[in-house]
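First to last, the protein sequences are chains A and B. What the first sequence shows, in the numbering used here, is residues 1 to 488, in sequence order. What the second sequence shows, in the numbering used here, is residues 1 to 488, in sequence order.
There's no promise every hint is true.
The list cannot tell twin chains apart, which means a pair is met if one copy fits it or any two copies do.
What the hints assert, rightly or not - Pairs of lysine-lysine, BS3-like flavour, derived with a Cα cap of 25 Å: (1) Lys77 <-> Lys296; (2) Lys431 <-> Lys98; (3) Lys87 <-> Lys77; (4) Lys133 <-> Lys250; (5) Lys296 <-> Lys57; (6) Lys57 <-> Lys333.
No lab work stands behind these hints, which were simulated from the structure alone.
The lines below spell out each chain.
Protein chains: 2
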Amino acid sequence: MAKEITPRSEDYSQWYLDIVRKARMADNSPVRGCMVIRPHGFAIWEKMRDALDAMFKETGHVNAYFPLFIPKSFLSKEAAHVEGFAKECAVVTHYRLKNDPEGNGVIVDPEAKLEEELIVRPTSETIIWHTYKDWIQSYRDLPILINQWANVVRWEMRTRPFLRTTEFLWQEGHTAHAGAEEAMEETRRILDIYATFAEEFMAMPVIKGIKTPNERFAGADETFCIEALMQDGKALQAGTSHFLGQNFAKAFEVLFLNKDNQQEHVWATSWGVSTRLVGGLIMTHSDDDGLVLPPKLAPIQVVIVPIPKPAPALTEVAEKIAAQLRAKGISVKIDNDEQNRPGFKFAEYEMIGVPVRLGLGQRDLDAGQVEVARRDTKEKNSVPLDGVAEYVANLLDEIQANLFNRAKAHRDEHITKVDTWAELEDVLESKTGFAYAHWDGTTETELEIKERTKATIRCIPLDWEEEPGTCILTGKPSARRVLFARAY
Amino acid sequence: MAKEITPRSEDYSQWYLDIVRKARMADNSPVRGCMVIRPHGFAIWEKMRDALDAMFKETGHVNAYFPLFIPKSFLSKEAAHVEGFAKECAVVTHYRLKNDPEGNGVIVDPEAKLEEELIVRPTSETIIWHTYKDWIQSYRDLPILINQWANVVRWEMRTRPFLRTTEFLWQEGHTAHAGAEEAMEETRRILDIYATFAEEFMAMPVIKGIKTPNERFAGADETFCIEALMQDGKALQAGTSHFLGQNFAKAFEVLFLNKDNQQEHVWATSWGVSTRLVGGLIMTHSDDDGLVLPPKLAPIQVVIVPIPKPAPALTEVAEKIAAQLRAKGISVKIDNDEQNRPGFKFAEYEMIGVPVRLGLGQRDLDAGQVEVARRDTKEKNSVPLDGVAEYVANLLDEIQANLFNRAKAHRDEHITKVDTWAELEDVLESKTGFAYAHWDGTTETELEIKERTKATIRCIPLDWEEEPGTCILTGKPSARRVLFARAY
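Please build the complete structure, drawing on both the sequences and the hints.
Set out below in structure tokens:
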């Protein structure tokens with residue numbers, strides 16, 4: 001199978017598509033830009049969702065569900081928001097089909113036209129703030145800390161499985177607060193949750209930062225983000241957390257009586273991560289033999305393969321090891337398929353990214369041993385049967401750490417401080433990765449640099465040392481450097 | 001609060017709406033027929049989903065995700081299916097909005113018309129079987145046992161929160177098999193899972209049965225269902241499992257090479273339950289004071305209320321009890337709110353259906369006691385502090401059992417064997433519930449009875465004793481009785 005994967009060195013973009021297909025993560029669908037998420041891809045998303053959901057709930061958030069459809073007029077209520085989202089929406093105009101009188105299947109019934117068109121939600125701020133108006137009267141009703149797991153639709157012209165699809169799955173948090181400071185704390189709390197999740201579960205190092213005004217969410221006062229670096233040196237925005245100020249409260253007239261008995265507009269945040277993370281996971285760790293998964297997100301963490309084929313004596317030992325591993329909370333599959341040979345199975349489990357493989361042969365067993373192969377480095381070791389579960393549990397931790405360290409080393413090597421235009425171009429064209437450069441702070445310069453290099457300002461990193469300098473393009477004064485990169 | 005609930009005896013329909021609103025289960029939305037599922041309602045749905053998901057996975061099913069949109073032409077491919085679903089669909093015709101040149105917000109961009117309209121899925125058989133064509137070549141690719149948790153849209157004219165909404169949440173299983181017998185086994189396996197879930201988690205007794213051809217799912221060869229009885233004597237279809245035969249395989253040309261090396265159409269099932277179950281849960285157990293929840297689906301199982309108000313000594317004991325309960329896997333809330341008095345809090349927790357309430361007062365504590373109130377019967381007991389966690393754990397089991405037994409007694413009392421038309425009318429008009437009557441097996445008679453009585457054949461019960469007789473309307477021979485009822 002692996003032979004059918006295009007090597008990364010040859011064509012990274014095709015390699016990605018090959019992995020998605022051959023590791024059975026997703027398929028194209030007959031609907032433009034929409035994908036079918038296959039069971040293996042979905043199981044990874046479920047693990048992401050469960051981990052994030054637990055983190056949200058630990059910090060006091062609850063889930064709810066708002067309608068898929070948004071009345072068209074809602075989109076116009078927040079001026080910046082409509083500019084950002086109205087251009088790429090699926091629009092429902094009718095509510096009925098009928099049999100074609102000419103016999104060609106079904107047609108739209110022209111008599112079933114909606115009075116007001118409905119938009120399939122591209123994001124839910126508008127309908128949620130419309131609802132919050134009914135829920136909020138006083139500071140006693142605040143904060144509202146709601147999240148929803150949902151599908152959204154943005155009509156994208158150029159799509160790529162997981163990374164950019166017309167329909168995608170995500171979570172969107174929408175919180176309401178009695179003060180600016182509290183809302184900003186929430187925005188930062190979620191940013192920290194996203195960063196922790198990315199690094200501890202996905203083993204994907206991220207930089208926390210602030211977006212420039214030009215890259216802000218449509219309707220936000222400030223957008224925070226986590227940015228990751230893929231193997232090909234392109235950046236990936238992996239999650240965003242927005243401080244919305246009072247913009248949506250003003251657009252939807254949501255006021256509350258504060259402790260001083262004054263009417264005040266409510267303060268808001270919103271934040272989201274999506275199935276895009278699955279694409280980021282693939283491009284952070286995988287290799288030319290297939291998917292590489294961090295153990296914490298692997299649907300199957302350990303596979304046991306009898307060698308050369310299933311036999312009662314081998315199955316007995318396999319079941320015993322599996323029971324020991326499961327008692328430690330580790331997911332295990334025993335492959336008792338009789339059709340395929342071990343070599344085929346090995347390639348298959350490498351393809352789908354099972355972190356640890358145990359090969360169980362009679363000769364090994366007679367010697368009191370079992371062969372343990374790790375997916376990340378491809379190393380194999382003979383390990384004493386006695387204590388193998390303990391060994392594997394430790395190995396899974398080691399793989400999780402190794403993947404993060406490997407990705408972090410790659411990322412750190414690809415952050416380059418540049419001070420001249422030539423250096424900037426060299427980084428973007430040859431070395432790839434982030435160029436850490438001075439910028440004069442204007443949107444005009446930002447757009448000019450994008451026009452010339454295809455690089456965008458990924459973020460203004462938080463908590464990095466600030467040093468003044470001069471803009472790499474205009475030579476004007478700059479208070480601090482920002483991160484440029486080409487991005488997905 | 002409870003005063004604002006219309007009593008069931010006065011207006012059952014209004015009582016239901018009051019419960020939904022006052023227990024903060026759901027709100028109306030600005031989109032016709034769509035509801036906002038509020039955190040308390042959604043937490044109950046999450047518990048249902050998690051329990052069902054575990055049961056599906058234990059029986060070998062995996063989750064996946066298919067597109068929200070279905071190309072219009074797909075609906076026409078299965079003749080019966082299009083008749084059943086094409087009439088009530090949300091139709092996407094455009095993919096862009098633009099600023100109104102006349103300045104009135106945004107309008108649909110006429111230049112962004114789709115070549116082929118997209119239907120927001122009312123159910124996903126068509127797009128899934130289109131996809132299965134690519135996945136299935138031989139019997140070695142079978143069975144496929146896939147489920148998806150998703151939102152679907154059916155344009156309903158008369159809607160009711162949870163029971164019938166334009167958009168609803170559900171799971172839809174879609175399985176593919178190498179033989180009719182195996183597909184039928186799957187259909188029945190799922191029916192059993194649904195019945196077990198309804199009775200063991202929802203404490204809602206159900207009758208397993210077969211739908212008449214007239215009530216079958218559009219595109220099925222046989223539809224199995226579970227039917228429940230609500231407090232007002234109306235039936236509720238709570239879940240369906242369909243044996244689809246080879247209908248969708250034929251419509252989408254999905255063939256496999258069987259073990260005899262012959263090309264054969266694939267056999268299919270589909271099955272689903274939805275947020276409608278939340279409505280069924282409400283109408284099975286709740287009373288005039290609010291929601292009554294079976295402990296297994298209650299987001300908060302136990303609430304501890306300090307009396308008359310929070311105090312350090314009370315909080316210390318409350319924390320100790322909560323820790324003991326949590327160690328048993330029981331969810332606990334300690335209400336340390338200082339604004340409201342105990343009486344208000346008691347009414348509030350009765351309203352949202354917390355199964356057990358502990359009242360913690362200093363005088364009780366001095367006597368080594370705590371007051372335990374159960375929501376289902378409203379009984380209160382003073383219980384020794386020592387061993388209270390054990391007592392509460394047992395009480396939760398007892399409440400779960402009591403709710404089921406109470407609902408079953410009510411249901412059983414409302415199954416009436418009727419042999420004359422007058423008896424049938426009397427049951428439907430006065431006694432309410434199921435009328436168990438003979439029917440000649442024709443759709444014509446079924447529709448005539450529906451026309452005259454508003455009752456439908458809910459199902460032909462499985463595994464009930466069969467006895468021949470004569471049709472209650474036509475007097476023609478009948479092989480066995482069926483269950484008639486008015487239904488939601």
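Each hint, compared with the structure:
Proximity of Lys77 and Lys296 under a CA criterion of 25 Å is satisfied in neither setting, with 42 Å inside one chain copy and 43 Å between copies. Proximity of Lys431 to Lys98 under the C-alpha cut-off of 25 Å is found in neither arrangement, the shortest distances being 58 Å within a copy and 41 Å between copies. In this assembly of identical chains, the alpha carbons of Lys87 and Lys77 lie at most 25 Å apart only when taken from the same copy (15 Å versus 33 Å across copies). With identical chains, the CA atoms of Lys133 and Lys250 are at most 25 Å apart within one copy only, with a shortest distance of 11 Å there and 51 Å across copies.
Taking CA atoms no more than 25 Å apart as the test, Lys296 paired with Lys57 passes in both settings, with 19 Å inside one copy and 19 Å between copies. Proximity of Lys57 to Lys333 under the C-alpha cut-off of 25 Å is restricted to the inter-copy arrangement: shortest distance 14 Å between copies versus 31 Å within a copy.
In summary, the numbered hints that this structure violates are 1, 2.
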